[in-house]
Amino acid sequence: MLRILEFLYRLRALLLFVFLEIIAIWMVVRNNSPQGAAFFNSSMALTGSLLKTQADIVGFFNLAEENQDLASQNAELLQQITLLTPYDSLSEEGLDSAFRASYTVQSARVVGQTLRLTQNHLTINKGSNQGVKEGMGIFNQEGIVGRVKSVSKNYAVGISLLNTGLLVSSKIKSSDVFGSINWDANDPQFAKMLYIPRHVLASPGDTVVTSGYNAIFPEGILIGTISEVAPADDQNYLEITVRLSTDFSKLNHVYLIENTELSELDSLYQKAEISDEY
Amino acid sequence: MNIRNLLSYLAWGIILVALQVFLFKNLALFGVGLCFLYIILILHLPINTTPITLLLISFGLGLVVDIFYDTGGIHAAGTTFLGFIRPLWLRVISPTGGYDEGTEPTLQEMGTGWYLTYILPLTFFFCIIFFSVDQWGTLGLLNILNKSFFSSILTALLAILVQALFFKRRRGIL
Chain Y
1 MLRILEFLYR LRALLLFVFL EIIAIWMVVR NNSPQGAAFF NSSMALTGSL LKTQADIVGF
61 FNLAEENQDL ASQNAELLQQ ITLLTPYDSL SEEGLDSAFR ASYTVQSARV VGQTLRLTQN
121 HLTINKGSNQ GVKEGMGIFN QEGIVGRVKS VSKNYAVGIS LLNTGLLVSS KIKSSDVFGS
181 INWDANDPQF AKMLYIPRHV LASPGDTVVT SGYNAIFPEG ILIGTISEVA PADDQNYLEI
241 TVRLSTDFSK LNHVYLIENT ELSELDSLYQ KAEISDEY
Chain H
1 MNIRNLLSYL AWGIILVALQ VFLFKNLALF GVGLCFLYII LILHLPINTT PITLLLISFG
61 LGLVVDIFYD TGGIHAAGTT FLGFIRPLWL RVISPTGGYD EGTEPTLQEM GTGWYLTYIL
121 PLTFFFCIIF FSVDQWGTLG LLNILNKSFF SSILTALLAI LVQALFFKRR RGIL
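Quick mapping for you: the protein sequence lines, in order, are chains Y and H.
At position 137 of the first sequence (counting the first as 1) the number is 137 in the numbering used here, and the numbers step up by one without a gap.
At position 47 of the second sequence (counting the first as 1) the number is 47 in the numbering used here, and the numbers step up by one without a gap.
If you're looking for bench data, these hints aren't it; they were derived computationally from the structure.
Keep in mind that a hint or two might mislead.
Restricting the straight-line Cα-Cα distance to at most 25 angstroms, the calculated cross-link-like pairs of lysine to any residue (SDA-like) are [unchecked claim]:
id: 1; chain 1: Y; residue 1: Lys52; chain 2: H; residue 2: Gly60
id: 2; chain 1: Y; residue 1: Lys192; chain 2: H; residue 2: Asn26
id: 3; chain 1: Y; residue 1: Lys153; chain 2: H; residue 2: Phe22
id: 4; chain 1: Y; residue 1: Lys192; chain 2: Y; residue 2: Glu228
id: 5; chain 1: Y; residue 1: Lys192; chain 2: H; residue 2: Asn146
id: 6; chain 1: Y; residue 1: Lys153; chain 2: Y; residue 2: Lys173
id: 7; chain 1: Y; residue 1: Lys192; chain 2: Y; residue 2: Asn214
id: 8; chain 1: Y; residue 1: Lys192; chain 2: H; residue 2: Gln135
id: 9; chain 1: Y; residue 1: Lys250; chain 2: H; residue 2: Leu37
id: 10; chain 1: Y; residue 1: Lys192; chain 2: Y; residue 2: Gln235
id: 11; chain 1: Y; residue 1: Lys192; chain 2: H; residue 2: Asn143
id: 12; chain 1: Y; residue 1: Lys133; chain 2: Y; residue 2: Leu167
id: 13; chain 1: Y; residue 1: Lys250; chain 2: H; residue 2: Asn26
id: 14; chain 1: Y; residue 1: Lys52; chain 2: H; residue 2: Leu23
id: 15; chain 1: Y; residue 1: Lys250; chain 2: Y; residue 2: Arg116
id: 16; chain 1: Y; residue 1: Lys173; chain 2: Y; residue 2: Gln80
id: 17; chain 1: Y; residue 1: Lys52; chain 2: H; residue 2: Val17
id: 18; chain 1: Y; residue 1: Lys52; chain 2: H; residue 2: Leu19
Listed below are several chain H residues computed to face chain Y (Cβ distance under 8 angstroms; list not exhaustive) [what the hints assert, rightly or not]:
id: 19; residue: Lys25
id: 20; residue: Pro51
id: 21; residue: Leu55
id: 22; residue: Phe59
id: 23; residue: Tyr69
id: 24; residue: Asp70
id: 25; residue: Ile74
id: 26; residue: Ala77
id: 27; residue: Phe81
id: 28; residue: Phe84
id: 29; residue: Asp134
id: 30; residue: Gln135
id: 31; residue: Phe167
Virtual Cβ for every residue (Gly too), placed ideally from N, Cα, C.
So here's chain Y without its partners, still in its complex pose (with noise of 0.2 angstroms):
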């Protein structure tokens, strides 16, 4: 039994090494699922603030820009209330409830986020006690940016459209097919569109938007432009490139929008016995 002992004393740094490695790997496991919230992340008080000082002091330098953005954006806005102000004699009529806004939506500033990795993740300014809740969206101006994963009190984590763990669902504007986007880990500008069948007539050029199937994005918010097309080497289906909207390397303002009847459709697809895979 002593020698036992001994044997295993000599061997103490062998053992600790193997027990340290198994946790490092056990939490990049945990942290890498798609259900499980990590231990530790980013949205924790003392690195959240840590990372919004940082950001604050990083977003003085981009006034500028940002600014110009948002002027654009709200010309977009103004653009479309004077579409909708014709028709404002119909809103003194009691609306349906299929009228009903089924999506609200609130603004927050990322404060941190990983490029470089293959399981990319942003940090944001807003948590529970802003109403965050785990599943919204997140999408800015120029198109769609991740999921929000965990959430703290003042902070929430989202995964980037930048991880090899998001499928989003989406489709291609001009003919309406249906396929799911997914980061390849390669270059950040440069995503893949996946399940496109072979006699679907797609090119570059054309534009991919949120198809509105997953219930996290409405349809039609921009994801990119097509810039590649080629016979997959699985025979059924296309290999399509897709140039991302989003500049991921200047995130700042975004916004994250919930949809308010989540509930009832999961409720629904779990009576329909649908897994949702968002």
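Please build the complex by placing chain H on the supplied structure of chain Y, with the hints as guidance.
Then chain H, alone, in the frame of chain Y:
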């Protein structure tokens, strides 16, 4: 390590981790060369640090960086491996007559030639583990080797640069 060394080590650690998570996090040379300057905190611990202490420090340091990167345990996996192979590699490249008691394996103490043979393979293996855990079979071995090669060179260059710039003058104070 006396209390004064410990304090300066801690201060240096905070500076390096801050640099890593605020500056180097999204920096990539040609999209393949990432910089992991903070691992010199592990590489520069005194040579006679016990393996257990080394492993615990490495794991803790990796975990702190992981929190800021939102990577779960990728950095921790890499740094723990680094902490494990450091004593082995030090034994392999030990100069004739062995090391002096309490020497720190830094550029000033050991000279450029020895330092390069020390830092390059260790950083390279750290990068191999880091990118393997990160990509987990999605991109293939060649991509991992490519990224590890350039990242380790970039990290070693920056480590040498930082020491050449800041350490010589401050040596008397530290």
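Does the structure break any of the earlier hints, and which numbers would those be?
-> Hint check: 6 and 31 fail, others pass.
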